Amino acid sequence: EQKLPCLLERALRQKGGCEAGKSFWPIAIACLITGPMCVVPYDKVLQHDPGSPLFFSFAVHLTLIGMYVPRLPGLLRERRIPWFYHLAMAGCWCLFTVLKAD
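All residue numbers for the sequence shown refer to this note's numbering, where the first residue is 60 and numbers rise by one.
Keep in mind that the hints are not guaranteed to be accurate.
Quick list of simulated restraints, FRET-style, between CB atoms [as the list claims (entries may be wrong)]: (1) Val98 <-> Leu131: 30 to 40 Å; (2) Ser82 <-> Arg130: 19 to 29 Å; (3) Leu158 <-> Cys97: 17 to 27 Å; (4) Asp108 <-> Pro132: 30 to 40 Å; (5) Thr156 <-> Met126: 17 to 27 Å; (6) Cys153 <-> Leu105: 30 to 40 Å; (7) Met126 <-> Cys97: 14 to 24 Å; (8) Arg136 <-> Pro95: 36 to 46 Å; (9) Leu105 <-> Pro129: 12 to 22 Å.
No wet-lab data here; the hints were simulated from the structure. All values reported here derive from a predicted model rather than from experimental measurement. Every residue gets a Cβ at the ideal spot worked out from N, C-alpha and C, and that includes glycine.
Using the sequences provided together with the hints, build the complete structure.
Following this line, the structure appears as structure tokens:
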């Protein structure tokens, strides 16, 4: 049996062993197949309304924040990643959206 990367190994231990890992691959393959399918609709929307990607990203951001507000106290107490990494990922997400929209 192959050795899994450390993070995946730890996640499998928390979620119920290798049985939980078997459902990972069909989902990963489905994401790889369906992910590129959004490129053509995105390009069509971008042709008609060049400012729409920034608005869409803003709406997604607000939706995600709204979903996690009820769990905020627990998330802040039991952080799994340092603040620096969280801020760096959020900054990269914003930067990606701004650069892609231009």
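Tell me the numbers of any earlier hints that the structure contravenes, in ascending order.
Checked against the structure, the hints that fail are numbers 6, 9, while the rest are satisfied.
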